[in-house]
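These protein sequences, in sequence, are chains Y and E.
If you're matching positions, the first sequence starts at 749 in my numbering and goes up one per residue.
If you're matching positions, the second sequence starts at 749 in my numbering and goes up one per residue.
Among the hints, erroneous ones may be present.
Intra- or inter-copy, both count: the list cannot distinguish identical chains.
Simulated crosslink set (DSS-like; lysine-lysine; CA at most 27 Å straight-line) [unchecked claim]:
| hint | residue 1 | residue 2 |
| --- | --- | --- |
| 1 | K1013 | K779 |
| 2 | K932 | K865 |
| 3 | K1534 | K1394 |
| 4 | K1567 | K972 |
| 5 | K1387 | K1479 |
| 6 | K1087 | K929 |
| 7 | K899 | K1397 |
| 8 | K1397 | K1376 |
| 9 | K1394 | K1228 |
| 10 | K1346 | K1543 |
| 11 | K1394 | K1238 |
| 12 | K1462 | K1534 |
| 13 | K925 | K870 |
| 14 | K1543 | K972 |
| 15 | K1141 | K1534 |
| 16 | K1476 | K1382 |
| 17 | K1394 | K1141 |
| 18 | K1350 | K1574 |
| 19 | K796 | K1462 |
| 20 | K1574 | K1294 |
| 21 | K925 | K910 |
No lab work stands behind these hints, which were simulated from the structure alone.
Number of protein chains: 2
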Amino acid sequence: MAKFVYSFNEGSKDMKYVLGGKGANLAEMTKIGLPVPFGFTVTTDACKDYIAKGNVIDPAIIDEVYEHLAELEQVMEKKFGDIDNPLLVSVRSGAPFSMPGMMDTILNLGLNDDAVKGLAAKTGNERFAYDSYRRFIQMFGDVVMEVSKSKFDAIFDGQKKKAGVEYDVDLTAEDLKEVIKGYKELYKNELGVDFPQEPKEQLLAAIQAVFRSWNNERAILYRKMERIPDDLGTAVNVQAMVFGNSGDDSGTGVAFTRSPVNGEKAIFGEFLVNAQGEDVVAGIRTPKPISEMAESFPDVYKDFVKTAEILEKHYKDMQDMEFTVENNKLFMLQTRNGKRTAAAAVKVAVDLVEEGLIDKETAVMRVDPEAIDQLLHPSFDADAEKQAVKIAKGLPASPGAAFGKIYFTAADAEAAAANGDKVILVREETSPEDLAGMVAAQGILTARGGMTSHAAVVARGMGKCCVAGCSAIHVSEADKTITVDGKTYKEGDFISLNGSTGDVYEGEIATVAPELSGDFALIMSWADGIRTLRVRTNADTPADAKQAIEFGAEGIGLCRTEHMFFEEERIPAIRRMIVADTEEERRAALDGLLPYQKGDFKGIYEVMEERPVTIRLLDPPLHEFLPKTEADMKELSDKYGIPMEKLEKANIDLHEFNPMLGHRGCRLAVTYPEIAEMQTRAIIEAAIEVKEEKGFDIVPEIMIPLTVMDTEMKYVRDIVVATAEKCKEEKGSDIKYLVGTMIETPRGALTADQIAEYAEFFSFGTNDLTQMTFGFSRDDTGKIIKVYEEKGIFKDDIFGTLDQDGVGQLVKMACDKGKATRSNIKLGICGEHGGDPRSVEFCYKAGLNYVSCSPYRVPIARLAAAQAVIKNK
Amino acid sequence: MAKFVYSFNEGSKDMKYVLGGKGANLAEMTKIGLPVPFGFTVTTDACKDYIAKGNVIDPAIIDEVYEHLAELEQVMEKKFGDIDNPLLVSVRSGAPFSMPGMMDTILNLGLNDDAVKGLAAKTGNERFAYDSYRRFIQMFGDVVMEVSKSKFDAIFDGQKKKAGVEYDVDLTAEDLKEVIKGYKELYKNELGVDFPQEPKEQLLAAIQAVFRSWNNERAILYRKMERIPDDLGTAVNVQAMVFGNSGDDSGTGVAFTRSPVNGEKAIFGEFLVNAQGEDVVAGIRTPKPISEMAESFPDVYKDFVKTAEILEKHYKDMQDMEFTVENNKLFMLQTRNGKRTAAAAVKVAVDLVEEGLIDKETAVMRVDPEAIDQLLHPSFDADAEKQAVKIAKGLPASPGAAFGKIYFTAADAEAAAANGDKVILVREETSPEDLAGMVAAQGILTARGGMTSHAAVVARGMGKCCVAGCSAIHVSEADKTITVDGKTYKEGDFISLNGSTGDVYEGEIATVAPELSGDFALIMSWADGIRTLRVRTNADTPADAKQAIEFGAEGIGLCRTEHMFFEEERIPAIRRMIVADTEEERRAALDGLLPYQKGDFKGIYEVMEERPVTIRLLDPPLHEFLPKTEADMKELSDKYGIPMEKLEKANIDLHEFNPMLGHRGCRLAVTYPEIAEMQTRAIIEAAIEVKEEKGFDIVPEIMIPLTVMDTEMKYVRDIVVATAEKCKEEKGSDIKYLVGTMIETPRGALTADQIAEYAEFFSFGTNDLTQMTFGFSRDDTGKIIKVYEEKGIFKDDIFGTLDQDGVGQLVKMACDKGKATRSNIKLGICGEHGGDPRSVEFCYKAGLNYVSCSPYRVPIARLAAAQAVIKNK
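Extracted from the complex, chain Y is given alone in its bound form (with noise of 0.2 Å):
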C-alpha cells in the first residue's frame, strides 16, 4: 500500500513533491542529526487522494496519522490532551512550492480544557496558557471552521472593554478564562456543536483544511500567475510544539547564514528572548540583532553557528533559518535557501566558488539576471525611501532612482538643467520631440503610457529612471502643476522617483550611486564563457553605443535611424521633404540630411570598431516628424517660404487613424525610393570613410523594416543594393554589406521562407510583432491589461516577457522556414524582449544568433544567456 504520512527521520530534501519544501527540509535536518523537534509530514499524495475522493479523508490514512501521532507521544513522552504533560503540535502546510494564499499555520493544536492546565503548570505562566488556548480556539474557528473571525473579535474587545484595559496585553489569566468561554459559545452558536476537546479530532480537522485550503481561491490564482501545476497538492508538518517561551533561558529567532542585503559572511538576524514566533509576527515585541543572543546565551550561541555551518556546507548556498531556544537547548525549526538582494547574490555566488562549494556553472545560476538590474543604476538610501511621503504609484518604467524639480515641457526641463538643477521632466506622455528634455531630466515621469510606451523605451535605452502611466496624477501641461489627491505640485517643487518600483514621493530622497564590484565582473566573465548566444545592443547615438561597450555589447542590433532626424537643426530638411511636391524637391531636401546621417554613422562605427552594427531604414510614419502647433509650422513656413496651408494639408493628409498600421517601415521606401537611397549611401559611405580614416573593416547591416512579403523585400532590397554598389564604384571600393529585414508582423514570419530568399538577416521585432499577433497597441491597452492580469487572463506582461505561446509560434516558425532557404542565414532579435531574460532563453531554444537589447540590459542578457545554456544542458 502507497505510504501517505512519512516521520520526520524517513524523508529527505529530495522528497519536495512528496513531503512539501517544508517537510522534506525538516526531514533533512533530522537527517544529518540536528536538533529537530520530532513529528510527521502527511503527503501531498494524501492531499490529492482526498480531493479526488471528494474532499473526504481516507480510513486508512487516519489510521496512519495516528500511528505516527503515536509515534510522536512516544518520542516527546508526551500525551495528546494529557491534563500534566500534553504534546501540543504545530500544523503547518507546505506546498512543493512556496505558495502563499493557502491555509498556514496552526500553534499549539492539542490544547483543550485539560492540557491547557498542563501548559500552564509547564511555562509556570498561567496567563500564557490561556492567552494559547484563547488564540487556539479562535484560529481553529476562524481557519479551521470558517466563523468569521470579526465574531472573536467583537467577544475579545468586549472583554476588554468589561475590564477596563486598552491592551491585549492586560488582560489577565481569569479574563481570558471569560474570552474562552465566550468563544466556546460562539463556536456552538455557530457551527451546532461543542468546539472539539478531543486533540484527535482537532488534528483531522486541521489537516483537512489544510487540504481544503489547496483549492481556496487565492491559492488557485497564485498557481496560475505562477504557472504551478493544480495537481501538486500539498503536505501537512505535524510537529511536536517546542517553547521559546519557556523562561529567560528561552527564546527565539531567525537568522541567515550570511548578509541577504550584501552577502557577507557572518550570521545576520534577531532573537528575542522568551518569546514565541509570534510574538515577533504580532509586533508585540521588538526583536534583537543576533549578536545579543552571542552574549545572553554563549553556549547555544555556538552551537547554532556550528548548525548554520553544516547546513549551509549541506545545501550549499547561504541559509534562512528559524529556531527556537528551549530551556537553553536549541530546535531547528526550519531551514531554506534565503533570499537575498541582488549585490548579496553576486558576492554569496563568488565566495562559495572561492570556497570550494560550488562550481562556477552553478554560481551564475545562483544569481537572478533580472535583479541585477539594480546593481547597474543608481537606488535610494534604504531608510530615507521608507521615511519619505508616497503621493502616487505608477509602472516602474526603467530602474534606478532619482530626485529633481519638476518642469513640463522639454525646453524648461533643459533650461533648468543648464542652470545646474536637478530636473524632473513631467509630461502626460512623452513623443520624440521630448527627446531633448529626456536627456536633460534625472528622471521621466508620465501619466498615461504603458511599459513599452515612448517615454519607457527611451528611458530604459538611456539607462533612465522612468514611472510611466501614473494615471492617479492628473498633469495640467498648461497650468504647469501635477495633482494628486487634491494636492498640487508646481514646477520647481522636489519629487522622487523609484522607477524599479513605480512609486513616486514628495520632495528630494537621497540616492546611492551604483557600484560594480569586482565580483560582478567576475560573475559576468563566467557567464560569457559559458554562453552561445551573442549580445548587441540597440543603440542609436555613439554614447549609447559606448555605454553598451562597457555593460559587454558585442555590437548594435538595432539602430533606429530616426531619432536623429528629430535634432533641431536636422528637422527642417526633413520637414521639408515630407511637404515636397515632386521627387526633386524630395531629393533637395534629402541631400541636405544626407552629410548629418552619414556622421551620425561615423560616429557609430569609430565606436563600435569592427562589431556588428545593424541599422535599420527609416520606420515610423512621416507625419511624426511634422510641426503639430501654430507656432512650430509658422516658423517653419516663414523659414522656408512653404505656404501655412501646405503644412496644415500635410498634416491632415499624413493623419492616420492606425498610425502603427499605416505608413510606415518599408512601406515609406516602396512610396518613396529615394529616402531609402539616401540613407543607404550614408551608411555605406560612411563605412568606406571609416575604414580610409580608421582602418576598421565596417560590414554595415542594413535592415529593411515592417516586410510583410517576398515582393516589398525585393523591391526595396534591390534598391538598397543598387545604391550601394554605386557608392563603391565610386569611391572604387571592395567594402561588404548585408541586407535583411525585421520580421515583426505576423505574415513576415509565416511567409520567412519566401522573404528569406532576399534577406541575409532576420531580426525578430518582438514589440509590433506583439502587438499586432495579440492586435493589442501598447499605447493604448495599458489598462486594460491591467484588468486582465488582474483576471489571471494574462499571466506575463506580453511586452515584457515574449508570448511563447503565440508570437513565439511565429518566431519559431520563421526562423525555421528562414533557414529552410539560407541556411546561413543570421537571426537575432531586437525588440525589448531581448533584454528579459525568460525570452532570453527561448532565443536561445529557437536557435537565434543573438540578442539585443538597450544598454543596461546588456549585462543581464549576458548572463540569462549562460543560464540559458546551462538549464537546457
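Please build the complex by placing chain E on the supplied structure of chain Y, with the hints as guidance.
For chain E alone, coordinates are given in the frame of chain Y:
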C-alpha cells in the same frame, strides 16, 4: 528528336501548351476542315530552347522552320520573295494564355523590292502594295530591330509636308516609294546593315523577336500579376496572308456566334468590304453590322453561318471569330471562346444546356461569379453613360449606379429624401453616425477610405452604390460643396455615380433596374445542387435579413449588435453607460438598452425562422459612441444631467492612438462584463419569446469577438453561459444555444487548439485578420496599396481576395487546430472575403462549413461555392 514546328494540319486544340492558344485553334479549325490559310506554328518548346541557349535559335530548329516553309510554299503555290507570285505571311505570337505585353503581329512579311511588285500586280493596287511595304519596314525596324518608331515617323511626316498633304491616305504610291527609300537609309544608319531583302532572314528575325518579347518587362509584369508561370514560353504562328482588300469581292470581319451583350442566339458582328483587319484597328474606316454582309455576300455569308455553327458545336461554347473574304472565298483567321456580359453568360449557359451541348456543371462553370454582381444592381443606360461628363474616378466600392442631389450631412440627406428627392450622400468619410443618411441616399461618395472603409462595407451590405476614396474631389463639409479640378458643385446639384467602375459624373444619368430572369434563377438552382459549402449572410436588421433570404442565404453568419446602438433613441443610453462611474450606473443604463436589443433580435429571428443566426457581442471601441461635437455633448449633458467635463474627459480618456488595436472586441466584455450579460440576456430572452409566440426553434449562436487566448475565451464564455442559464431558469425554458468566437487576430489562429476548448464554433473575421497579419490598416493604407499594386508588389487587393500565402496559412492552421481539439467544431468566415469567389474556393478547400457575406454577394458566393466543388473534383 523533339519536334519544334507543326504544320496547321498536325495539331489540335488540346495542344495549347505546345502551340499556344492561337496556334492550337488554327490547327483545330484546319483539322475539322474549315477554310484556314495554311501555315505552321513554331512551338513554345522552341522558345524555351531559345531562352535556355542564351537567346540563340538552334540550327536544327531553323532547318525545321525552313522545311515547313517549303511545304507552305508548295501548298500555296507561291514563293517567298517571288516577283510575280510572292508568298507573304503574317507572324503572330501566341502563348498558352492570352498575354498582352509581348510582340503581337507582323503582317506582310516576305515583302522586299521584288515581292512588292508582285503584290501590286496581284491586288491591282500599287499604292496599297507600297504602303504595305513601308509599313512592314517600319514595323520590322521598330518591333524586331528596336529602331525608335519616332525616327520612322519623322521621315513619314517629312514626306507628308513635302507632298503638302494632311492625311496619310493622300500620299501617292510615288510618295510612298520615297518614304521607303528614307526608311531603308534610316535602317542602315541605325543598324549598320541593309534592310534584309531575303524573306527567310526576315522570318527568322521575326520569330526570334517574338521569343525575346516573352521576357520583356511588360510581359514579365503581366505574368506576375496574372500568376502565369514564367517558364511556359510562347509559340509563333506563321500563316500565309490572305487579302480582304483584294477588291469589292473581298472583306474582313469579326463576329460572335451569339450576342455577347444579352446572349441571344444570332450571329453578332461587324464586316468591312475591301479591307484588312488593320484598317478597322487604325480607325480609318467604320465597319458595318454583319447583317450587311448577308446582303452583299449572300453565298459567303451562308458559308460563314455554317462555319460558325460548326465551330460552336465543336467548341461547345459561344465563339468569337476573325475571318477574311478574299475574292468571294471565306478564310477563318482565328476562333476563341467569346467574352460576354453576365447576362449573356447566364443565357448562353442555360441555352447550351437546353440545346444538349453541355451539362449543368459545365454551365455553372461558364458564369463568372464576380460578374453576376452586375445583375443584382441597377446600372446606367450604356449610351447615356458614354455621353455624360465624367468629373472624377474613385474606388468602385459598392456596385450599381445612382444619380441624385448631393447632400453633405446625414440629416440633410434624410430631410431631402423625405421630401421625395433622390439623394447622393457626400462625405469626407462616413462614420456609424451617418447610417440614417446612407439609408436615405441612392448612393454614397467619399473622398477618403478604401474598399473596406466604413462607407464601402456598409454600402455593400445595403446593396447600395458607393464610390469611395475619390481623392480628386475636395469635400468642404462646412461650405457644403465639392470641388474638383477647379469646378465647384454645391448642395442640391445633381451628380451620378457608377459604383461598379468608380466613375463620378456631373448631372443625371438614367438607370436601368436589375432583372433577375428565369435563366438566372435556374442556373443558381443548379449551383445549389452542386455546392456543399453553406452560404450565410452578414445582416444586422430584419430588412437586410429578408433581402439576403431572397438572394438565397441559409442563415446569418454575422449579426453586428453595435449598429443597433447608433439609433437616435438608443444612443443616449449607451452614452450614459460609457460615462458611468460605477458598475451600478452602468447596469442601470444597460437595463434601458435591454428591451431594444431584445426587440432587434426578435425581429431578426422572426425573419430567419429556424435558420441559424450568429450574433456577435459588442465589438467597436466605446469612443465611437460618444458625442464629439460641442452641441451633441451639450444636448446629452442637459438631458441627463451629465456634467460637460465628464463627457469631455470621457472623450480624452477613451482616445486611442490605434483604436484598431485598442479597447474593443471581447476586451469590452472582460472589462465590463455587464455589457456581455445584457446582450446575452437579450439574445436568449428573444429566442425564448419567439419560440413561445411563433413556435420557431431558434438556436442562437453567440459569438465573442477578437479573442486572443483560451483564458480570455473562458472568462467571457463563463459570463455568457451563466447569464444564459439564468435566463432559461427564469423562463423555465430548455432552449439551446452555442457559444463560439471570431478568429480575427493572428494569436487567435495560432492558439486555436487552446481556444477551441471553450468555443463551439469559429468564424474567421478575415478583415481584421488581414489587417493585423499584414499590419495594414484598411482605413489608412488605400494610397499605399495603390502604389504597391502599381509596383507589382501586391498581386491582389488583400482586402478583396484572401491572401492565401499569409492570412490563409493562419486560417488553415486554425481550422486544423480547432478540429484537433473539437472534431465537430463549426467553421465559417464572416469577413468581406466570404463573398469573393477565389476566397470562397479557398474556404471550401480549407474545410469550412459556411461562408457569410453581405446580402448582395450571397448569389456570388453560392455560384463560387458550386464552382469550387467542380474545380476540385
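When no copy is named, should K1394 and K1238 be tagged within, between, both, or neither for a Cα gap of at most 27 Å? For K1394 and K1238, only the inter-copy Cα distance (25 Å) is at most 27 Å; the intra-copy one is 38 Å.
Since the copies are identical, ignore which copy is meant and state whether K899 and K1397 lie within 27 Å (CA to CA) inside a copy, between copies, both or neither. Neither way: K899 and K1397 sit 71 Å apart in one copy and 44 Å across, limit 27 Å.
At most 27 Å between alpha carbons: which applies to K1387 and K1479, within, between, both or neither? The answer is neither: 35 Å in one copy and 74 Å across copies each exceed 27 Å.
Should K1346 paired with K1543 be assigned to within, between, both, or neither, using CA atoms and 27 Å as the limit? Answer is neither; intra-copy 45 Å and inter-copy 36 Å both fail.
K1350 and K1574: within-copy, between-copy, both or neither at 27 Å Cα: within (24 Å within a copy, 59 Å between copies)
Copy assignment of K1476 with K1382, given that the CA separation must stay at most 27 Å: For K1476 and K1382, neither the intra-copy (41 Å) nor the inter-copy (66 Å) Cα distance is at most 27 Å.
Same-copy or cross-copy closeness of K1462 to K1534 [CA-CA at most 27 Å]: Between. Shortest inter-copy distance 18 Å satisfies the 27 Å Cα cut-off; intra-copy 41 Å does not.
Between K1394 and K1228, at a C-alpha cutoff of 27 Å, which is it: within one copy, between copies, both, or neither? The answer is between: 22 Å across copies meets 27 Å, while 32 Å in one copy does not.
Same-copy or cross-copy closeness of K925 to K870 [CA-CA at most 27 Å]: Within one copy only: 18 Å inside a chain, 139 Å across chains, cut-off 27 Å.
Treating 27 Å as the Cα threshold, decide for K796 and K1462: within, between, both or neither. between (59 Å within a copy, 25 Å between copies)
Have a look at K1543 and K972 and pick one of within, between, both or neither, based on CA distance no larger than 27 Å. within (7 Å within a copy, 46 Å between copies)
Between copies, within a copy, both or neither: which fits K1574 and K1294 at Cα up to 27 Å? Cα proximity of K1574 and K1294: one copy only (24 Å, versus 57 Å across).
Violated hints, listed in ascending order, are 5, 6, 7, 10, 16; each of the other numbered hints is respected by the structure.
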